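K.L.:
These protein sequences, in sequence, are chains A and B.
The opening residue of the first sequence carries number 1 in our numbering; numbering runs sequentially from there.
The opening residue of the second sequence carries number 1 in our numbering; numbering runs sequentially from there.
Do not take every clue at face value.
Since the list gives no way to pick one copy over another, a pair counts as held whenever it fits inside one copy or between any two copies.
Unchecked claim - Here are the simulated lysine to any residue pairs, SDA-like style, with alpha carbons at most 25 Å apart:
#, residue 1, residue 2
1, Lys78, Ser170
2, Lys482, Ser220
3, Lys78, Asp98
4, Lys482, Leu430
5, Lys167, Glu450
6, Lys238, Ser473
7, Lys78, Lys167
8, Lys238, Ala262
9, Lys238, Leu265
10, Lys167, Ala81
11, Lys78, Pro65
12, Lys238, Lys482
13, Lys238, Leu358
14, Lys238, His353
Everything labelled a hint here was simulated from the structure, so no lab data went into it.
Model, not experiment: these values are computed from the prediction.
2 protein chains.
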Amino acid sequence: MPQDELQDQMLDVASSATIPEVPSVAGEDGIAPPLGDMSAEEFRRHGRAVVDWMADYFERVEQLPVLAQVEPGEPISKLPAEPPESGRPMEAILADVDRLVVPALTHWSHPGFFAYFATSTSAPGIFGEMLSAAFDVKALLWRGAPAAQELEEVTLSWLRQMIGLPKAFSGIIYDTASVSTLHAIAAAREGLDLRVREDGMSGRADLPLLRVYASEQAHSSVEKCVITLGLGQRSLRKVPTDAEFRMDPAALARAIEEDRAAGHLPFCVVATVGTTSTSSIDPVPAIADLCGRERLWLHVDAAYAGSAAVVPELRHILDGSERADSLVLNPHKWLMTPFDLSVLFTRRMDLLHRAFSLVPEYLRTLDREQEAVRNHSEYGIQLGRRFRALKFWMVLRYFGRDGLAARIREHCRLARLFASWFEAAPGWELLAPVPLSLVCFRACPPRDGETADECAARLDRLNEQIMHAVNASGEAFLSHTKLHDCFTLRLAVGNIRTTEQHVARVWQLLREAYERLDPAGGG
Amino acid sequence: MPQDELQDQMLDVASSATIPEVPSVAGEDGIAPPLGDMSAEEFRRHGRAVVDWMADYFERVEQLPVLAQVEPGEPISKLPAEPPESGRPMEAILADVDRLVVPALTHWSHPGFFAYFATSTSAPGIFGEMLSAAFDVKALLWRGAPAAQELEEVTLSWLRQMIGLPKAFSGIIYDTASVSTLHAIAAAREGLDLRVREDGMSGRADLPLLRVYASEQAHSSVEKCVITLGLGQRSLRKVPTDAEFRMDPAALARAIEEDRAAGHLPFCVVATVGTTSTSSIDPVPAIADLCGRERLWLHVDAAYAGSAAVVPELRHILDGSERADSLVLNPHKWLMTPFDLSVLFTRRMDLLHRAFSLVPEYLRTLDREQEAVRNHSEYGIQLGRRFRALKFWMVLRYFGRDGLAARIREHCRLARLFASWFEAAPGWELLAPVPLSLVCFRACPPRDGETADECAARLDRLNEQIMHAVNASGEAFLSHTKLHDCFTLRLAVGNIRTTEQHVARVWQLLREAYERLDPAGGG
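Please model the complete structure; the sequences and the hints are all you need to start from.
P.N.:
See below:
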């Protein structure tokens, strides 16, 4: 068909009555146009307003209560039960962020956030997320976003060098440590050559019970991983820890021996560098020795603490990890990178690929690139992948290795400083060593004539009350754990805005609460 | 200890020589300060520059080649092999986005992006991501981010109403459809009451082979899910489809019957509303009947097409889905929401909770909120969760239901229009119906004296060449699939900026390539 006939035909069809056309005039009064996105002019105006809002937010966040002071159901009660039929002006929506969202948030960007693991977003990371949201790539194949795939390879090679892992390790970005660890254990399972990928584990009398080992202090995600993978909670054997909450390698060796004797199949050990309760560090060199002898996959969970290896004098926390099969480290925890970005390093990318590669026809590429490139979607559950490497690249370049190390070093200094106050204060005690930026402590005023049980119950109650009092102040947010069955307060330093004055203020709030709640015991 | 003594002690320790303090003066020349984040003033300046950059990007994206014109390894070769030791000024980093990132991107925000499923970011969604990166919450517990949890419940209730699912469905946000479907199948597995969570599937002679069913046209993620869950590829039975690529319910019934006879245990059927290759829609009402009779979990994969149910005259695509146990829909595909945001609706949140709940002490909350709230981390693998509901809330409010419906309706109109040109043009054919916004087609110039095999090979080659020619133009990006073993071109409309002129241009490019590559066959 000649070109002009074709054009005629196109116009004919386009104007046919059966396919009505929608008018596409620009929107008015700040509402969305009938079709298409917001105009460039409005994007500029509102976008700048959002940037200014964020700058103001960071300046005033310290005046906001760090822990949300709302009741369950309160945010929902302020929102309409039915979906909006027509669009609203952007101004009104942004105003509602102030009115509805901010008061119902716990402010992780507040320098007084010391709960769980305190974490930090940062300006270069936010700019990276902004650009990533505009590009909106789904990095499912190399060709779908070459920069995403290759920037991921480069930044993870940089990170590998920064923490001193050998070149044999390759990295891949997932969303969270739970998912990174899931992939590590799945690769370990694939390495068993038991055709679990092909034949699965149900309806097979030939399969022994598969065993994974982690310490009693390991993160709950390890247990969730074995549940998800169909291995079941029974497959996870929790190894006892020593007085400082570190896995006992002798106990691990005994467990493996027992399991082999019982006909089970040990295949993976998860060691933790920086446990969630206390930041204790498992003796990885001894565990690596054992894994080498027993031919078990060694996965190191360094989700929180791994970042500290960027600091030269703290590099030793990863001693032994160079012999691991895989290691997870979360830049979104302690490398000033907005959530989410978790990194799995492994020397067995081949097994990860064997466990997860599946390329349907509609994703096959046809030219020579097929051979030359790595498509990270073939190394995991998720097919679409956000362009997370961009923010990480911007963070690494803006702060540099030295700048990141300085911040982590300062966080550790603040934690040690905070801990030093407890050492000197009667009526308080530290409950675990402070190798990094987490302090575990409690108030422990003595009282005469109590049984041990009565004392334990009293101290648990007192410390819980102290925690609630501090959190109710809005100036700081602490969380807790249990150590040796004692209610334990945790202070985790990790926010980029946290300074000495913020930890000093927590100490003051703690003392005030203590004196109010236990006037007799007060020092 | 009295307050003033305490202060003295704090100061003493703070100034002790063993804990050196790092100077904290403001940075110069646009580089990071020694500690802390970028100053508010600089944040404002650079943030506005990023906003302007994004506005410019959207204005010029059409002038960029939609498919990245780089060779594998080219982006990496332009980046240093070693990590930056010290920080760089933000200006330099942003300049490198232009220099290094943009040329190595495939532009998913380009209106000529028609590959895979075209998707779309939008201004309100980008603003939501910006705010979310500043808040940086990890919505692991309600109290960690009440607004995140409750906005998620509200927006998903809105979405449920918009697509006409009954109130018995609750929603939860995950990152991708792969992960949503993984959770659905895991919940189905939990519903078997076979103690898979507790005891796993290895070392159990008592477990029969568990079976999942999906059509031959189902997304590859279903297979990846059964691999991950330890069910294995063997557990997935692929059901034949009819001439229009829809699951054959009679074949499904036969497969289930055969499996039961062989002692296997059918437990889950995945029906697809909008398959990836052709957007075909499985006969969900008939499949739901069967699942009801056989007591199987019905999961509906409506990741792409489900959004179309927002359009009143397209609501029928979800007929039967109201009887499903779960359904996945990706707002990041066709609801103008930046990647990632996938929604799983299910009437069995209880089973999802039973499959994934695991609350360690350090995440236990202690007050009455425990009873009243839902913590979405107890309903999935991931513990930390991004504040994704914020961008979705902003998108829903800015466009409103009507605005989203108008855009989806327009995309469908463009696809039908594009398809209509093929119906009228000799030498071209449609290879599948066009129920939504995806068109499957090929050039098929006749040639005398060929065997069927020769003809098939010639047409495959020709269409592959046509696709590469169109993609090499930089003006459009198409992908392909195989239908009835024929190389098939796909045009998927889904970007908010795509207009009639863009699909008309593809038709012109296709014709030009065709005439150049097959002058004899040209119409």
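K.L.:
Now, for every hint given, state plainly whether the structure supports it.
P.N.:
Quick rundown of the hints versus the structure:
1. Taking CA atoms no more than 25 Å apart as the test, lysine 78 paired with serine 170 passes between copies only; the shortest distance there is 20 Å, against 48 Å inside one copy.
2. Taking the closest pair of Cα atoms, lysine 482 and serine 220 come within 25 Å of each other only inside a single copy of the chain (14 Å); across copies the shortest separation is 43 Å, beyond that limit.
3. For a Cα distance limit of 25 Å, the shortest separation of lysine 78 from aspartate 98 inside one copy, 13 Å, qualifies, whereas the shortest one across copies, 43 Å, does not.
4. Taking the shortest Cα distances, lysine 482 and leucine 430 sit within 25 Å of each other inside one copy (13 Å), while across copies they are farther apart (65 Å).
5. In this assembly of identical chains, the alpha carbons of lysine 167 and glutamate 450 never lie at most 25 Å apart, being 59 Å within a copy and 55 Å across copies at closest.
6. In the homo-oligomer, the alpha carbons of lysine 238 and serine 473 never lie at most 25 Å apart, since the shortest distance is 38 Å inside one protomer and 58 Å across protomers.
7. For the homomeric pair lysine 78 and lysine 167, the shortest alpha-carbon distance between copies (20 Å) is at most 25 Å, but the shortest distance inside one copy (54 Å) is not.
8. Taking CA atoms no more than 25 Å apart as the test, lysine 238 paired with alanine 262 passes inside one copy only; the shortest distance there is 17 Å, against 38 Å between copies.
9. Only within a single protomer do lysine 238 and leucine 265 lie at most 25 Å apart by alpha-carbon distance; the minimum there is 15 Å, versus 32 Å between protomers.
10. For a Cα distance limit of 25 Å, the shortest separation of lysine 167 from alanine 81 across copies, 12 Å, qualifies, whereas the shortest one inside one copy, 54 Å, does not.
11. Proximity of lysine 78 to proline 65 under the C-alpha cut-off of 25 Å is restricted to the intra-copy arrangement: shortest distance 20 Å within a copy versus 46 Å between copies.
12. Taking the shortest Cα distances, lysine 238 and lysine 482 sit within 25 Å of each other inside one copy (17 Å), while across copies they are farther apart (49 Å).
13. Taking the shortest Cα distances, lysine 238 and leucine 358 sit within 25 Å of each other only across copies (15 Å), while inside one copy they are farther apart (34 Å).
14. Taking the shortest Cα distances, lysine 238 and histidine 353 sit within 25 Å of each other only across copies (23 Å), while inside one copy they are farther apart (29 Å).
Checked against the numbered hints above, the structure violates hints 5 and 6; every other hint is satisfied.
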